[in-house]
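A.B. asks: What follows is the residue order along each chain.
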Amino acid sequence: MLYLTLASKAYARNLQFRGAHLFHNIASAAFGFLYASLWIGLGQDHSLGEYGVQGMVAYIAFNQAALWITTFTSNGLGIPQSVRTGQISLDLMRPVHLFSHLMAREWGQLAYQFVYKSLPIFTLYFFLFHLELPRTLSSVLSCLLGLLGASYMSICINYLIGVTALWTTESNWLYWGNYSLSNLLSGFFVPLEWLPDWLARLAWLSPYPYLLYVPSRLFLGLGAGSLLWGTLFWCLLLTILCLSVTRLLRQKVEVQGG
Amino acid sequence: MRSESWLSIYKLLILTTLRSRMQYKFNFVFGSLMAAIVQINEFLMVAIVLYKFGEIKGWSLYEIGYLYAVLTLARTLYRTFGDEVHHLEKYLVSGDLDGVLIRPLPVLLALMPQGFRLMIGEVLQGGFVLVWAFIGLLRSGQIDWTAIPLTLFIIVTGAGILFAIGLATATMGFWTTRISELQNLTEDAARAAAQYPLTLYPKWLSGLLLTVIPVGLVNYIPSLYILRGELGLWAVGLTGLGAVFFLLLSLWFWRFGLTKYQSTGS
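For the record, the sequence lines run as chains A and B. With the numbering used here applied, the first sequence covers 1 to 258. With the numbering used here applied, the second sequence covers 1 to 266.
Worth flagging that the hints you see were computed from the coordinates, not collected in a lab.
30 Å max Cα-Cα, derived DSS-like pairs, lysine-lysine: (1) B:LYS203 / B:LYS52; (2) B:LYS90 / B:LYS11; (3) A:LYS9 / B:LYS90; (4) B:LYS260 / B:LYS90; (5) A:LYS252 / B:LYS25.
So that you can see chain A by itself, here it is in the shape it has in the complex (with noise of 0.2 Å):
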């Protein structure tokens, strides 16, 4: 219950904004629209696969409103913020875990993400690219499991990369590490089989795919439901990390009387 009212006040926060976040997306679906327009003028000339010109554009568009529920995680989900007020040492005495009391305010943010950017950018999209909804229950629900196991390893990173700033005096540079790391792994632009083969097993290593690549090949029909093991195994092991991670962050945290 204290989790679902922390998600829910989270998502709240945002409504006071839903107005100027509709017209922001604006920015975000040209974005999408700029790289699709690429892969046409490319397709025009090239054959493109599996994907075909189609597939390419709704490939696109997809990864285009998925990143804001799957890449656009708050940054170190706030942490970084809290060590420099001194926050973080009254968030840690709360008698809730500091991992799952900030998952639960970023559940909240990123479903009013999903309803205020991801829906309306693709509903755009679906008109303007005259794209085509998975045909069967299953490829729908696969597609949504991967995606909802994609935010949840996209918070466990940004709880990592937030938990940083006890060590450094700058976890940003982290962040756009991460975010640059992203854009090129979890085969946002490119698919990743079209990867230079060094590249792509570097990618299958790390959690990327799971990010935008797995749930798109989902969508298209492409993928097989059996893609969910990878995105089950990654969840884990973030979970076990973000857990280790608490134990050394309660050790280390300082106040300085600020």
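Let chain A serve as the given structure and place chain B on it in line with the hints.
C.D. replies: Same frame as chain A, but now just chain B:
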């Protein structure tokens, strides 16, 4: 005040900013390293598309590398000096612009040195790609040594154009306060588009990228002459004229915008 005095104040303010940055040495080194990784990843995205498709609309790997490097270096030059203009939103939201306005300096002169930053990662990455593209193009005989001064010229004028786009976007903040989403469109999306030849896009979009958000003038138009001998030397001149025109236009807009500034009262 004489222009030499303005220049010495500017130099002094930059040195002060640099000294304060160097207080956090680990942060500086780590930040530069991560910036290099971000830049390499960004170029890899372009390179992978080329690796997969060979050439794009008749543009080779070296030519697209050149487009990318010119854009990166022009942007680096703009952001080295004009980063604080890009970050105007924080001044508008917090009301900190009030403090800048009461200084006995033009607002831009007070603002810009505060955001001065050495972008070593970006210079190294952009420089490396440029040298690599140059060597490839020189070896194949596609360009000769005259391309070097022309390239340096378009990097500088390109920085002017990107600064003008950034300043005009920031000025919109005097009406809207929040500008990051608009910057996402005029600076980030436009730059991502100009990494590839503009012929890839529908005509209305490439037209937009040459006029309203003239990022195509930074690299694409002059490259048509420098790399391919098309259009004529006037294409490079057009970049210079474009830089002057858009800079004057954005400065006029900035001054007009300043008169509409309303403090948040924070």
